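J.: The lines below spell out each chain.
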Amino acid sequence: MCVAAPGKVLRLYETEGLQMGEVDFGGISKQVCLAHVPAVRAGDHVMVHAGFALEIIDAAEVEQFYALWRAVLDTRTGDRPRAEAGDDAL
Amino acid sequence: MNLAPFAHPEVASRLLEEIRNALHHPWVIMETCGGQTHAILRLGLDQLLPRGIELVHGPGCPVCVTPSARIDAAIALAARPGVTLATFGDMMRVPGSTTTLFAARAAGGKVEMVYSALDALALARRSPGREIVFFAIGFETTAPGSALAVARARSERIRNFSLLTAHVLVPPAVRALLQSPGNRVQGYLAAGHACAILGWQPYEALAAEFQVPIVVTGFEAADLLRGIGRVVQMLEAGEARVENAYERVVRREGNLPAQAQLQSVFEVCDCEWRGIGVIPASGLRLRPEYAAWDAQVKFSGLIAEKAVPTECISGAILQGLKKPPDCPAFGGRCTPLRPLGAPMVSAEGACAAYFSYHRNPERA
Amino acid sequence: MNGETIQLGHGNGGRMMAGLISDLFRRHFANPFLNPLDDGALLPELEPGQRLSFSTDSFVVDPLFFPGGCIGELAVNGTVNDLCMCGSQPRWLSAGFIIEEGLPLEDLDRIAAAMAEAAARVGVQIVTGDTKVVEKGKADKLFINTSGIGVIAHGLTLGSRHLQPGDRLIISGTLGDHGIAILSRRQNLGFSTALLSDTAPLHELTALLLSECGEAVHALRDPTRGGLAATCHEFARGSSLEIRLEEKALPVRPDVAAACGLLGLDPLYIANEGKLVAAIAGEAAESAVAALRSHPLSRDAAVIGEVKKGEAGLVALHTSLGAWRLVDLPAGELLPRIC
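Protein chains in written order, with this note's numbering: chain A, 1116 to 1205; chain B, 337 to 700; chain C, 358 to 696.
If you're looking for bench data, these hints aren't it; they were derived computationally from the structure. Since the structure is predicted, the reported quantities are computational estimates derived from the model, not experimental observations. Using N, Cα and C, we set each Cβ at its ideal position, and we do this for glycine too. Wrong hints could be hidden among the right ones.
Some but not every residue of chain B turned toward chain C, in silico, with C-beta under 8 Å [as the list claims (entries may be wrong)]: (1) GLU346; (2) ALA348; (3) HIS360; (4) TRP363; (5) GLY380; (6) PRO386; (7) ILE389; (8) GLY425; (9) ASP426; (10) GLY445; (11) GLU448; (12) MET449; (13) ASP455; (14) ALA557; (15) GLY668; (16) LEU676.
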């Protein structure tokens, strides 16, 4: 259940009083209802399900996970991962 | 957002290693959400986990648990002149008592697939001469969207829009499973996206009362493995708590504006889960002030409930008491092309997932 | 032509139809075989040793015009590609049109122009055709059937029954572009994307493969409806062998992956209109990929799997995490899901 995808809020706009956003999912963008995440700002990432943002994705938590990823790759290969996760990840 | 790290094989390897190191006893763990079942089988995680962990698939498939009478009602509405039934794609192939929305459309019924409840509302706005009924299925994840759509319809006086509601709630279903006499499950992965809405607070009482660990878990490989790892750690330590392994999306109190939206539009009611039976306080119905937007009121006299005997053992499957290959009809009399019940049709029903991914596991 | 639409009269054999054929179809498709407008085209003699291939396909896509093309290009490229997959050089096409009354003439003109351009690109000629007009509601705007004849000058015979254990599977490019481009225009599911349909003729790619690898090429298929999964099943069934795919090797554009994530779809099952899958003897696979990568249409060519003696008809996938799972036959219509 609950197919949801993370996307980046490109811009906010209102349609007849309803908070909407144009959200980019990595090359495709969709109009998403942001009414349930009133604190959202352009540039935030949101988890989108059936046309609605469920929640704003916590950037700090994501960065913690990327740190784990980098640590795993460091110990395995001794190299830094090809793309720095922090740069283009979020 | 870059999802690749969450699916990276090296990260998965590391997390699997941690699970292997922590595991000293066999455990039975249930993932409650159909989306988690689908992801586990698609990635082959169940094959990569150490043998001592038995994964049991839960009832978290809203498509599978929608009562067949509700599907019959949707089909009847689609066939009704002047009515268009708007639905998520998921429901198109699910059999009601006798037929499906797909077949109804082929027979001339008006069925429109939508991605969002707001799409259905937009359809109502641009089709003033037609009645648009939105088939509102899904868990508490999806219900706030339906709630907002119908609230907008009411405030904008859009009269040609209504909901055929079949929303159900996850925590009461987990309680029912915990109370069920045949239950062997020792630890639970809670449904991450449903918890994004209601939070994990509802599970704290369950963990304490039934002394089971429950971990809020997401859907990527790393999320699933972290969730399973935390359950294993708690089971090995004899701990029974709720923990959150989907921290980037879920908070303890959940999404308060979404909850407020739900409460203003819906009230909780007892609800039948297909194949399982009635679970108290597990469904949502529209409040009386929304009667004019309630398809079951507007179009009363729809097909009444009737139980159709079937070979389908979906109840046992959805409660994790049996696995799809245990069913005598699995793969033979019951396949995705000729399903006997909902778990074989829904993309994330356990039977469909097994049939698609798993009929003959690992070849040498 | 502005504002004019197709009427029932355009299909009834009289003055209106004659006008439509000469002013629209013959103008765009002009060639010595078509121009006499006889009941059939008289084709030239074959040279000694040449064989014929023959294929047909019908096109019912909605919307008629989509990002990257229209039904016209699909109709030409689709049959051209089927002929190429037989190992033949496409030469002559027929085009049959079933038109719903009310279709704007301007749309039909644009579509015919696109067909002419697509045909010229390949060097194939549309030599005969037919037009019918049906009442409103009896067809969804426009259906096109194209049938085609190709010429095989070499002695090779391709087909799934020629697959051998040890063959490798190669795909010429990214999965799912066409299906997702079409989906992006559906009213209730739409999203904004720069993604274009990948519709393209594959004659140069097949010629490349056959000249580079000769009899090492055992079978060719273009993965249209049902996607790569359907093609693999056809190969597995037709050869009674087992197909194994490597998930890590499957080329998928990030925007296609994103659309699939949003709509709950799997790129394995989504239609492609400008890609081919080749089953090639194992030792020739690398040079086949190198040859393909030299062509603009197949820069992302890759080895994606292998053929084994195992369970006949089985298609399995080695997941990115290192587990094995089945790839099932596609169910039918592609259904987006939220659950």
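J.: Does TRP363/B pass the interface hint, meaning its C-beta sits closer than 8 Å to a C-beta of chain C?
T.: 20 Å, violated
J.: Quick check on the hint: ASP426/B CB to chain C CB, less than 8 Å?
T.: OK, holds: ASP426/B within 8 Å of chain C, min 4 Å.
J.: Under 8 Å, Cβ to Cβ, is where GLY380/B needs to be relative to chain C, so tell me if that hint holds or is violated.
T.: 2 Å, holds
J.: Going by Cβ atoms only, is PRO386/B closer than 8 Å to chain C?
T.: 13 Å, violated
J.: Taking 8 Å as the limit, does the beta-carbon of ALA557/B come near enough to a beta-carbon in chain C?
T.: Holds, because the Cβ-Cβ distance from ALA557/B to chain C comes to roughly 6 Å (cut-off 8 Å).
J.: Is the interface hint satisfied for GLY668/B? The criterion is a beta-carbon contact with chain C at less than 8 Å.
T.: 16 Å, violated
J.: Quick one, is the LEU676/B hint okay against chain C at 8 Å, beta carbons?
T.: 16 Å, violated
J.: Per the CB criterion, is HIS360/B less than 8 Å away from chain C?
T.: 24 Å, violated
J.: With 8 Å as the cut and Cβ atoms as the points, is MET449/B at the interface with chain C?
T.: At about 6 Å, which falls below the 8 Å cut-off, the nearest Cβ of chain C leaves the hint on MET449/B intact, so it holds.
J.: Is the hint on ASP455/B kept, meaning its closest Cβ partner in chain C is under 8 Å away?
T.: With a closest approach of 5 Å, the ASP455/B hint holds.
J.: Go through the hint on GLY425/B and say holds or violated, using the shortest Cβ distance to chain C against 8 Å.
T.: Result: holds, 4 Å to nearest chain C Cβ.
J.: Are GLU346/B and chain C close enough, Cβ to Cβ, to be under 8 Å, as the hint says?
T.: 10 Å, violated
Checked against the numbered hints listed earlier, the structure breaks hints 1, 3, 4, 6, 7, 10, 15 and 16; every other hint is satisfied.
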